[in-house]
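Trainee: Protein chains in written order, with full-length UniProt numbering: chain A, 1 to 364; chain B, 1 to 364.
Heads up, a few of these hints could be off.
Any copy, or any two copies together, can satisfy a pair, since identical chains are not distinguished.
[As the list claims (entries may be wrong)] Lysine-lysine pairs mimicking BS3-like chemistry, simulated, CA-CA at most 27 Å apart:
#, residue 1, residue 2
1, Lys13, Lys47
2, Lys267, Lys189
3, Lys90, Lys108
4, Lys267, Lys13
5, Lys228, Lys13
6, Lys86, Lys13
7, Lys258, Lys348
These are computed hints drawn from the structure, not numbers from a lab.
2 protein chains.
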Amino acid sequence: MNNALQEAFDQSKYKLTGHGRRNIQVLKDAFEDVDGQLDSDLYGEGKVIEDFQDKMAAFLGKERAVFFPSGTMAQQIALRIWCDEKGLPKVAYHPLSHLEIHEEDGLKELHNIKTTLIADETRVIELEDVVSMEDSVACLLLELPQREIGGQLPSYETLEGISKYCRNNGIRLHLDGARLLEVLPYYEKTASEVCELFDSVYLSFYKGIGGIAGAILAGGEEFVTKSKVWKRRYGGDLISLYPYIVSADHYFNQKSNKMPLYYENAKELADFYNSCHSVSTLPKIPVSNMFHVHFPQPKEEIETVLIEVMGKTGVGLINHLRATGESSCYFEVSVGDRYGEIPIEAVKHAFIQLDECMRNKFPS
Amino acid sequence: MNNALQEAFDQSKYKLTGHGRRNIQVLKDAFEDVDGQLDSDLYGEGKVIEDFQDKMAAFLGKERAVFFPSGTMAQQIALRIWCDEKGLPKVAYHPLSHLEIHEEDGLKELHNIKTTLIADETRVIELEDVVSMEDSVACLLLELPQREIGGQLPSYETLEGISKYCRNNGIRLHLDGARLLEVLPYYEKTASEVCELFDSVYLSFYKGIGGIAGAILAGGEEFVTKSKVWKRRYGGDLISLYPYIVSADHYFNQKSNKMPLYYENAKELADFYNSCHSVSTLPKIPVSNMFHVHFPQPKEEIETVLIEVMGKTGVGLINHLRATGESSCYFEVSVGDRYGEIPIEAVKHAFIQLDECMRNKFPS
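This is chain A alone, in the form it adopts within the complex (with noise of 0.2 Å):
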């Protein structure tokens, strides 16, 4: 049945999410212009790397950048090094965060490192979480936005308040910045601004930039110092990174300046999923360039219904459809390149076709 939706998605002539196929003419593209006699960056050294690391650390306003394969390989190596620092092997971090839900425990089972989760799944994390936390630990991390409920923001009020907590009370504050770009348009702030209240700074490549894979983490000099050596015992100090530097590069000059663009996208599209019939969206309105859209039915009428708007409209709603329990469900939406090539009036239309069908199918 997922098939069946997948599929549907693929026949639609537009697509509502995403920049497009995750393919290998993404990487041609970005390698089409780039010089076939620039050298090879070297086990984390040369022009390639260095230049790319030097213009993150510099958009990001700290000292020093590094880049990684992967932001878990970046993540457990800042938590790791913090909290060497304190010499105390627990950090605290939401309920949801990707190192609790997606990483298989790396951070444990690598590291032993306790956690301490604060806040609850279906709130981002407060400053009155954070003074309240019984445990004592060397950092915190803050995930913006925090993905798993559909990407909610604290207030920008409630970031400085938790960075001046962190900084009085010895705490480190770490920034899974994975989508740091996507909420910068809400906050009306700079990424330099957004990571002064932080002591590290992780950030992808491959959400709203749109590149092939790879991550920065960025800091003080002897924090990134530190990082290059964790980098090199998980062996993510590739002989080669370039396939993905030159990517992140690509995409991040193409479409860091498009986030606006995506977050009043985001903004309209989910207010057409909030008119039709029985259908919702967290956040109502969004605070990046994602959300989730949430059906109190069945995961599999949801996707009869879906499938049926996207084979008459020729709009392609969504690839992909979870239950959050037998009789209710949700997808994510990231929006990004792809809905600004759609004519308004077919989405209008695809959004009208949603709503009959909701009414039909499930009336009040």
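With chain A fixed as given, assemble chain B onto it according to the hints.
Mentor: Below, chain B alone, put in the same frame as chain A:
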């Protein structure tokens, strides 16, 4: 001074070592004929990664294989799995193993695995070293060829003896086969015949094969399944590994059948070095495409000689040189495609010059 050596090498018309420059053209060539519409792998799944893993499993004669970003990651994980299986966090390997000298103690820092170093820095591990080990270990790692001593090999009978002993004594045997293909012509065996002696095998794609980066870890079904969990924990389960996979496949197809040629060329080239005054290779007769060239003179003086010979002849001998003390030095030679592209007269001329220059500078 090392820069001067690199410059002299770069400016030489011909180059005796390697396949070519490690530049972005290596990627461009690999992707030139690949359809841009081919989908990316996705967190270890999809045609591009699964097909290559199946191909490598078959080539190595193992049940399954998994693609890793690096051998460092793959091998630490292999050893961890075998240690967990036996409930004994201890492994044995050569004192100049990659894990011991190039990985910032990742195995110890990330897994708390203890190591027993067997044999010594001048020779390969023999059956007697294994039989006389006092410590109980979960796994023995053999590196074929032993790179840091010029790429030496035990006899095939020794391999068979070690394999039999390990199986009879409950010790897992892991192959550091970074350069496995390069030793097959000497052993006159297929890859799967050699791998049959081992429980798990790692193969690299950027040594003799000439790819960009990446590695295969192969073994039984259960072993490989566990390795994928650890790959996720390490942050090695990238959303897209295809830049390395496509290039690994491309260069594997291009170079895997050329290993006998590289081996023959290496023997010829070593012979040229050994014909020069005060120059010797280790091993004297290579057993793969690699060997070391030793000089009983200080590094600075040999650099002068090498730069002079390269300048006079246009033949690039080498781009690096390492001191082994105050009064001796060596460099590593890896024979690849470039050697075969040089007119033999130019090679001969270069070694006549090297011999003359050594005689003049260091009359005995």
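Trainee: If a hint holds in the structure, say so; if it does not, say that too.
Mentor: Evaluated hints:
1. Lys13 to Lys47: Result: close only across copies, 24 Å inter versus 42 Å intra.
2. Lys267 to Lys189: within (19 Å within a copy, 63 Å between copies)
3. Lys90 to Lys108: both (10 Å within a copy, 20 Å between copies)
4. Lys267 to Lys13: Within one copy only: 22 Å inside, 61 Å across.
5. Lys228 to Lys13: neither (45 Å within a copy, 36 Å between copies)
6. Lys86 to Lys13: neither (55 Å within a copy, 55 Å between copies)
7. Lys258 to Lys348: within (23 Å within a copy, 60 Å between copies)
Of the numbered hints given earlier, the model fails hints 5, 6; all others are met.
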